[in-house]
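A.B. asks: Sequence:
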Amino acid sequence: MATASGSVINDRPQRLLTLAPAPSSGPLPTRPAINPGRIVVTAPRIVAMPFGAFHPRIHTLTMRRPTWEDAMKIRLGDMEIDATRYLALWSLIVLAFAVQRMIHDALLGGQVWSAFVYLRWSMIQWYTWAALAPLVFRLAASHPIQSSGRLSAIRFHLVAGIGVTVIAVIIGAGVSILFEPSSFFEQIQQFIGQHMATGLLTYWALVLLQHSLHFQAEKSRREVEASHLATELAQSRLQVLKTQLQPHFLFNTLHAIVTLLDEDKRSAEDMLLRLSELLRAFLEDYDGQEITLRRELDLLDLYLGIQRNRFKDRLTTQVYVAPDTLNCAVPSLMLQPIVENAIRHGIGQRVGADRIEIESRREGDVLCIEVRNRNSMLESDSAASGHGIGLSNTRLRLKELYGDHAEIRLDMIWPEGVACRIRLPFRELEEPDEMPEHVTA
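Heads up: the sequence shown begins at 1 in the numbering used here, then just goes up one per residue.
Hints listed in this document are in silico derivations from the structure and should not be mistaken for laboratory results.
Every residue gets a Cβ at the ideal spot worked out from N, C-alpha and C, and that includes glycine.
There's no promise every hint is true.
[Said to hold, decoys possible] Dumping the calculated EDC-like pairs for lysine to aspartate or glutamate here, alpha-carbon to alpha-carbon at most 20 Å:
hint: 1; residue 1: K265; residue 2: D313
hint: 2; residue 1: K219; residue 2: E80
hint: 3; residue 1: K399; residue 2: D262
hint: 4; residue 1: K312; residue 2: E370
hint: 5; residue 1: K312; residue 2: D365
hint: 6; residue 1: K312; residue 2: D264
hint: 7; residue 1: K312; residue 2: E363
hint: 8; residue 1: K312; residue 2: E263
[What the hints assert, rightly or not] What follows is a list of derived Cβ distance ranges for each label pair:
hint: 9; residue 1: V99; residue 2: G163; range: 25 to 35 Å
hint: 10; residue 1: I154; residue 2: K399; range: 47 to 57 Å
hint: 11; residue 1: L396; residue 2: R355; range: 25 to 35 Å
hint: 12; residue 1: Y402; residue 2: R294; range: 13 to 23 Å
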C-alpha cells in the first residue's frame, strides 16, 4: 500500500490518498463507506470472457448492407413484391377507374373533362391507397380474423377501416388542393362524399386479400410438411422391414451351420466364412434402400454358396440375367428371402433334388425377375400366408418403394414347382466405385 501525506500539487493541498490494490481472486469487493478526508481507489477488475459469451448466438449474427434490390421491394405482410410490379398493378386500377368515370360522365350527358383530369383524379385516389396498403396488410396480419377471436378482430378492423379511410381522404384532399382552386375543407367534403364508401370497401378488400395469401402460404407450408412427414414415415417403415429381414436370414443361416458342425466341419467352416463375408458386405455396402441388380446377385451368390454346402449335390442353381438389366435398381436384400423361401418350401421339406433358377429381363419400362424352384407345390394356405415373413416383408417393401407400380406373386409351373414373379419399374442406378470383396461360389 502506497501512502501520500501533505503533498502539494499546483500549490493546492491534497487529501490523503490511499491506493489499495484489488484482490487477485474472489468476489468483487463491496463499496467502502465514505470517510471524509480519505479516498480509497480500487483498481478495476478485468474479467476475460470468450467472444460471444454475452449472447449465445452472437457469433451467428452477420451484417449485410441493404442492396438496391432490397430497396425496390414492397413488403405486404409476409410477402415481398417488386416495387415496379406493385406500381404496375395499382396503375392498372388507376387507369380502369379513370376510364370508368369518364364513360360515366359521357353517358349521363354531364360535363366531360379531359382524359388527363380523370387520370389525375384517379391517381390521387388510388396511389394514396397504394401507399397505405402495406399498413393495411400489417394490421390484417396482427389481427387475423380467426374462429377463436373473430368478433374482436372484426371490431378492430371496423374501427381501423374507418381510421385508414379518413387518412386516405385527408391525404387525397391535401394533394388535390395543389391542382384545384377550391379550399382544403371543400376538398375534404368532396372526398368524403365520393370516396368514403369506396375507401371502406378497399380496406376490407385488402384485408381479405391478405388473409387469402396467408392461408394459401400456410396451406403450401403444411403440404410440404406433410410430404416430409410421409417420406420420413415411409423410410422408417422400410428401415423396420430391413431390420426384420437381416436377423431372420442370420438366424436361419446360423441354424444351418449348427446342423453341419457334427456332420461336416469343413463345410461348416466354409459356411461361416461366407456368412462373415456376406455380413461384411451388408455393413460396408448397404446405405440406401436400393442397389443394382448386379450387386444384389453378388450378395445372393454368397447365400447360395452357403446353401449348396448345406444340401450338397441335392441343390443346383442357374442364373439367367439379361445384360441390360444388370445396372437396374432393385431393393437391397430382395432376392435372398425369396430364394430362402424357395429352398425351405422345396428341398427343405421334400425329398429328392431341387434346382433354383433366377431370371431377369426387361419388358419396356418394367424389370421382370423370376425365382423358380422345381421341387415344391403351391398350397392354398402357403399362398394365403405369403410364404412367411420373408415374402410378406418383400411385398411391403415394394409397396412402400414403388406403390402400385410394383407387383409380386406366386404361380405354379409345369410339371412341378413354384415361380415367384416380380415386376418393378425399370430404372438404372449408378454403381459405387469400390465394392466389398467376397468369396465366390
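A.B. asks: Now look at each hint and say whether the structure bears it out.
C.D. replies: Consistency of the hints with the structure:
1. Using a Cα cut-off of 20 Å, the hinted pair K265 and D313 holds, with the two alpha carbons roughly 17 Å apart.
2. Of the supplied pair hints, the one linking K219 and E80 holds, its CA atoms being roughly 18 Å apart against a limit of 20 Å.
3. The suggested pairing of K399 with D262 is violated, with an alpha-carbon distance near 43 Å, which exceeds 20 Å.
4. Restraint check for K312 and E370: not satisfied, since their Cα atoms lie roughly 24 Å apart, outside the 20 Å limit.
5. Note on K312 and D365: the hinted pairing is violated, with a Cα-Cα distance of about 39 Å set against a maximum of 20 Å.
6. For the suggested pair K312 and D264, the alpha carbons sit about 11 Å apart, so the restraint of at most 20 Å is met.
7. A threshold of 20 Å between alpha carbons decides the hint, and for K312 with E363 the separation of about 35 Å lies outside it, so the pair is violated.
8. A C-alpha spacing of about 12 Å is found between K312 and E263, which places the hinted pair at or below 20 Å, so the restraint holds.
9. Range check, V99 to G163: about 31 Å between beta-carbon atoms, so the 25 to 35 Å window is met.
10. In this structure the supplied range 47 to 57 Å holds for I154 paired with K399, their Cβ-Cβ distance being about 49 Å.
11. Taking 25 to 35 Å as the suggested C-beta distance range, the pair L396 and R355 conforms, at roughly 29 Å.
12. For the pair Y402 and R294, the beta carbons lie near 20 Å from each other, so the given range of 13 to 23 Å is met.
Comparing the model with each earlier hint shows violations of hints 3, 4, 5 and 7; every other hint is respected.
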